[in-house]
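Asks: Work the whole structure out from these sequences, hints included.
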Amino acid sequence: MPDSTLAHAPQFDDASQQRESATFGMWIFLATEILFFGAMFLGYTAYRLAYPAAFAAASRHTLLAFGATNTAVLLISSATMAFAVRAAREKRRTALTVRLLLTAALGVLFLCIKGFEYAREISEHLLPGASFQFDQPYASHAEMFFYLYFLMTGVHALHVTIGVVLIAISGFRAWRTDAFMRNDTAVDLLGLYWHFVDIIWVFLFPLIYLVERHS
Amino acid sequence: MNREPATNRFLFTAGALLGLLALTVGAAYVNLGPFNTIAALTISAAKTVLILVFFMEIRERSPVIWVALATGFFFFGIMFALAMSDFLTRGWK
Amino acid sequence: MNTETRELPMTLEPRANYLNDGHSIRSWLLTTDHKRIGLLYMVSITLFFFVGGAAAAMMRLELLRPQGGLVTSALYNKLFTMHGVIMVWFFLIPSIPTVLGNFLVPLMIGARDVAFPRLNLVSWYLFIAGGASALWAIIAGGVDTGWTFYTPYSSTYANGHVLAMAAGIFIAGFGSIATGLNFIVTIHKMRAPGLTWFRLPLFIWTIYTTSLILVLATPVLAITLTLMALERLFGVGIFNPAMGGDPLLFQHLFWFYSHPAVYIMILPSMGVVSELIPCFSRKSIFGYNFIAYATISIGVFGFLVWGHHMFVSSQSVYAGMIFSILSFLVSIPSAIKVFNWTATLYKGSITFQTPMLYAFGFIGLFTIGGLTGLFLAALAVDVHLHDTYFVIAHFHYIMVGGAVMGYLGGLHFWWPKITGRLYCEWLAKLAAVTIFAGFNLTFFPQFILGFMGMPRRYPVYAPEFQVLNVLSTAGASILAIGYLLPLAYLLWSLRYGKPAGANPWKATGLEWKTSSPPPRDNFANAPVVTEEPYNYDAQAAELSLEENSHA
Ligand SMILES: [Cu+2]
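Residue numbers (the working numbering), protein chains in the order written: chain Z, 163 to 377; chain V, 3 to 95; chain Y, 42 to 592.
Honestly, I wouldn't trust all of these hints.
Claimed, not checked - For each label pair, taking beta carbons as the anchor points, the in silico distance ranges come out as:
#1 Y:A283 <-> Z:F334: 44 to 50 Å
#2 V:W68 <-> Y:L70: 51 to 57 Å
#3 V:V51 <-> Z:F334: 42 to 48 Å
#4 Y:L370 <-> V:N33: 30 to 36 Å
#5 Z:S293 <-> Y:E505: 54 to 60 Å
#6 V:S64 <-> Z:R344: 21 to 27 Å
#7 Z:T339 <-> Y:P282: 52 to 58 Å
#8 Z:S377 <-> Y:I337: 44 to 50 Å
#9 Y:F369 <-> Z:A267: 37 to 43 Å
#10 Y:A181 <-> V:W68: 22 to 28 Å
#11 Y:L70 <-> V:P7: 48 to 54 Å
#12 V:G79 <-> Y:L586: 54 to 60 Å
As the list claims (entries may be wrong) - Some chain Z residues near chain V, calculated using beta-carbon distances under 7 Å:
#13 A177
#14 R181
#15 W189
#16 I196
#17 G200
#18 T233
#19 L237
#20 A241
#21 A244
#22 H357
#23 V364
#24 F365
#25 L372
Because the hints were derived from the structure by calculation, they are not lab data. Don't be surprised by glycine CBs; every beta carbon is placed ideally from N, CA and C.
Replies: So, in C-alpha cells, the structure goes:
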C-alpha cells in the first residue's frame with residue numbers, strides 16, 4: 163500500500179485508516195440525508211394517496227420538458243463526476259480539473275433550467291399562497307401538490323447548489339494546487355455526495371412530472 | 003491501472019441511465035392503471051442501483067458501508083410503514 | 042476535612058496533562074482535544090440546566106396555590122415551553138453523550154482522539170449557536186407552544202418567537218448529528234489493538250447506539266421544524282388543513298424523532314450504570330452479551346413506538362393497537378438490563394460510594410418510570426391518563442430519575458479522572474441522598490395528581506389537588522438544594538480536592554490505565570487489550586497477590 167507512507171492527521175495511525183474513516187463518515191451522512199428527504203417523501207405519499215385525482219391534475223401542469231431535460235443533465239453530470247473521481251485516483255491533474263469544472267457547469271445548467279421553470283410556474287400562478295390559482299374542484303389539493311413540488315425540488319436545489327460550490331472550489335484547487343494529487347479522498351467524498359443528490363432527483367422526477375400523464 | 007474498461011463502464015452506465023429516463027417518460031403515457039406508479043418507481047430503483055454500483059462503486063466498499071446505507075433505507079422504511087399504518091387504516095376521512 | 046488536604050495542592054507535581062496544555066482562552070475555544078471539548082460542553086449544559094431549572098422553580102411556586110396568581114397564564118405557558126425546550130435539547134440530549142461521551146469514548150477505546158476532532162469542535166459551536174438562538178427567543182418574549190410545537194398552533198396561531206426557538210433546535214440538531222457521526226466512525230475505526238466489539242465497555246455500546254439514534258432521528262426533526270417554520274412564514278404549508286394537510290403528519294414526524302430521543306437520554310445513563318455496578322460490587326458484569334444486545338435492540342425498538350404519544354389524537358385505532366403492542370415490547374430489553382444489574386449485585390462486595398448511590402437511585406427510579414410507562418402504553422388507560430400529571434411524573438422518573446441520575450453518577454465516577462482531584466465524599470453522599478429524596482417528593486405526588494385527573498400545562502387547578510401540589514413544590518425545593526450542592530463541592534474540589542491518582546476506584550477499563558488528568562494524547566504508550574471487560578475477579582486476585590508480596 164502506498165497509502166501508509168502518506169501524511170495523516172495525528173489521531174490516526176496511518177493514511178488508510180484516515181481515508182476509511184472519512185469515507186465511512188460520508189456514507190453515514192448520506193444515511194441521514196435519506197431520513198431528511200424521507201420525511202418529505204412520506205408527506206408526499208400520504209397526500210397523494212388521499213387526493214389522487216388532484217395530484218394527477220396538478221402533475222399534468224408541471225413542465226415535463228424542463229424536468230426531463232434536467233434529469234438528463236443531472237445524470238450526465240454524475241457520469242462526469244465519476245470520471246473526475248477516476249482522474250483523481252489516477253493522479254491526472256488536468257483531467258481532474260476539467261472534469262470537476264464540467265460537473266460544476268452541468269450543475270449550474272441544472273439550476274438555471276430549474277430557475278426558468280420556477281419562473282414559468284410562478285407566472286402561471288402555481289406558487290402556493292395568495293396568488294395561487296387552479297381549476298376547481300382540485301384547487302386546494304393541487305395547491306398541496308405544488309407546495310410539495312416547490313418544497314422538495316427547492317430542498318434538492320439547495321443540495322445541488324452546495325454541491326456546485328464545493329465542486330467548483332475543488333476544481334480550482336485541482337487547477338492551482340496539487341492537493342488532490344497527494345490525497346484524493348476529498349474528491350471521492352464529493353463524488354458520493356453528488357451521486358446521492360442525483361439519486362434523490364431520480365425519485366423526485368416521476369413523482370412530480372409523471373403522475374397520470376396518459377389521461 | 004487500466005483506463006479503458008473504466009471509461010467504457012461509465013459511458014455504458016450513463017447511456018443506460020438516459021435510456022431508463024426515456025423509458026420512464028414513455029411508460030407514463032401508456033395507461034397501466036396503478037402499475038404506472040409502480041413502473042415509474044421500479045425504473046427509479048433501477049437507476050439508483052446503476053448509480054450505486056457503477057458511479058458510487060458500492061461493491062468495492064467495505065461491508066460496514068453497505069450496512070450504513072441499508073440502515074438509512076431501513077429506518078426510512080420503518081418511518082414510512084408505521085406512519086402509513088395510520089394514514090391507510092383510518093375509519094374516517 | 043483534615044488539614045493536609047489543603048496542603049497537598051502545593052506539592053502536586055505539575056505533570057503535563059490536557060488541562061495545563063495551554064492556559065489561554067484561545068487554547069480552550071479553539072481546542073480540538075476531545076477532553077477539552079467535553080469540558081466545554083459540561084460548562085454549557087450546566088448553565089442551560091440551571092436556566093431550565095429556574096423555569097421549573099417558577100412553575101412549582103405558581104402551583105403552590107390552586108388559584109395561582111404568581112405569574113400570568115401567558116407567562117406560565119412560556120415557562121413550561123422554556124423548561125421543556127431547554128431541558129430536552131440543551132441539557133438532556135447533549136448531557137452524557139457530549140460531556141462524558143466526548144471525554145471517555147477515545148479514552149475507553151484506547152485512541153488519541155475522535156476521528157474528526159475539528160468536526161467535534163464545530164458541533165460544540167453549533168450547539169452554542171443553537172442555544173443562543175433559543176435563549177434569544179426566551180429573552181425577546183418567549184414561546185408558548187410547549188416543547189412539542191404542535192401545528193397548527195405553532196404554525197398559525199401562536200404569538201412569540203417560535204421561529205427563533207425552532208431555529209435554535211434546528212442548529213443544535215446539526216451539532217447532534219455531527220457528534221453522532223463522529224462517535225460511530227470513532228468506535229468503528231479507532232479501537233485499540235485487541236479491543237474487539239465484545240470487549241468494549243458497555244458504556245461504549247450505549248454511546249454507539251445513542252449515536253445511531255442521533256444520526257437517524259435528528260434529520261427528521263430538522264425537516265419537521267423547517268416545515269413548521271415555512272408554514273408559519275408563508276401561511277401555506279404541508280400541515281395546513283385548508284390545503285388538505287394533516288396536522289397528524291406533524292405529530293408522526295415529530296415523535297419519530299422525539300420518542301427515540303428518550304433513548305438518547307436514557308441509554309447513555311444505562312451505560313454509566315453498567316460501569317458503576319461492576320466496579321462497586323467488585324464483580325464482572327452479569328450477562329455482558331445480553332446487555333450489549335439489549336442496548337442495540339432498545340435503540341431499534343425505540344423507533345417503532347412513537348404513536349403511543351398519539352393515542353387520543355384521532356390517529357387510526359389500528360395504528361394505535363400496533364403502537365401499543367410495540368411499546369409493551371420495548372420494555373423487554375430494558376427489563377433485561379435491570380435483571381442483569383441486579384444479578385451482578387448478587388453476592389458482590391458492594392460499597393456505597395457516591396457513584397454507586399446514584400446507580401442505585403437510577404435502577405429504582407428508572408424501574409418506576411418504566412413500569413408506569415406501561416400504564417400509558419395501554420390504549421384504554423391512556424385515554425384517562427393522557428395529558429395529566431401522570432405523564433409528567435412518568436417521564437420525569439425516566440428523564441430525571443433515570444437520565445440525570447446516570448449523568449450525576451457518571452460525573453462523580455469520572456470526576457477524579459477528568460480533574461485529577463477527589464471531591465468531598467460525605468458531602469457528595471449527602472447530595473445524592475438529598476436529590477433522591479427531593480426527587481421522589483417532587484414527582485411521586487404527581488402520579489397521584491394525574492391519576493386523580495389533574496391536567497398538565499395549567500397554571501390553576503381544583504382546590505382538592507392542593508396538598509399534593511404543596512408536597513411536590515416542597516420536594517422541588519429539596520431537589521434544588523440537592524442540585525446546588527454538587528456545583529459547590531465539585532468546584533471546591535478543583536482547587537482543594539486531594540489528588541486522585543490514576544485509578545481511585547480500582548476500576549477496570551482503559552481510561553483508568555492512564556494518569557489523571559490524562560495527557561493530551563491520552564496514553565503515554567499505545568494500549569493493547571488482552572482481557573475481557575470488567576475483569577474484577579482477576580483484578581481482585583492480582584491485588585491480593587500484591588498485598589501478600591508486600592507483607
Ligand atoms: Cu414515547
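Asks: Go ahead and decide if the range 21 to 27 Å is satisfied by the Cβ distance of V:S64 to Z:R344.
Replies: 23 Å Cβ-Cβ, so the 21 to 27 Å window holds.
Asks: For the range 54 to 60 Å, tell me whether the beta carbons of V:G79 and Y:L586 fit it or not.
Replies: holds, 55 Å
Asks: Does Z:H357 pass the interface check with chain V, least Cβ-Cβ distance below 7 Å?
Replies: holds, 5 Å
Asks: Classify the hint on Z:A241 as holds or violated, based on whether any CB of chain V lies nearer than 7 Å to its CB.
Replies: At about 4 Å, which falls below the 7 Å cut-off, the nearest Cβ of chain V leaves the hint on Z:A241 intact, so it holds.
Asks: I want to verify a distance hint. Is the separation of the beta carbons of V:V51 and Z:F334 within 42 to 48 Å?
Replies: violated, 33 Å
Asks: With 37 to 43 Å as the target window, see if Y:F369 and Z:A267 comply at their CB atoms.
Replies: violated, 57 Å
Asks: Is the hint on Z:L372 kept, meaning its closest Cβ partner in chain V is under 7 Å away?
Replies: holds, 4 Å
Asks: Given the range 48 to 54 Å, decide if the beta-carbon distance of Y:L70 to V:P7 lies inside it.
Replies: Holds, since Y:L70 and V:P7 (Cβ atoms, about 51 Å apart) stay within the stated range.
Asks: Hint says 52 to 58 Å; check whether the CB-CB distance for Z:T339 and Y:P282 agrees.
Replies: holds, 55 Å
Asks: Could you say whether the range 54 to 60 Å given as a hint is met by the Cβ separation of Z:S293 and Y:E505?
Replies: holds, 56 Å
Asks: Taking the closest Cβ pair, is Z:A177 under 7 Å from chain V?
Replies: violated, 16 Å
Asks: Just to be sure I understand the hint, the distance between the Cβ atoms of V:W68 and Y:L70 should be within 51 to 57 Å; is that true here?
Replies: About 39 Å separates the Cβ atoms of V:W68 and Y:L70, which means 51 to 57 Å is violated.
The structure fails to meet hints 2, 3, 4, 9, 10, 13, 14 from the earlier list, while all remaining hints are met.
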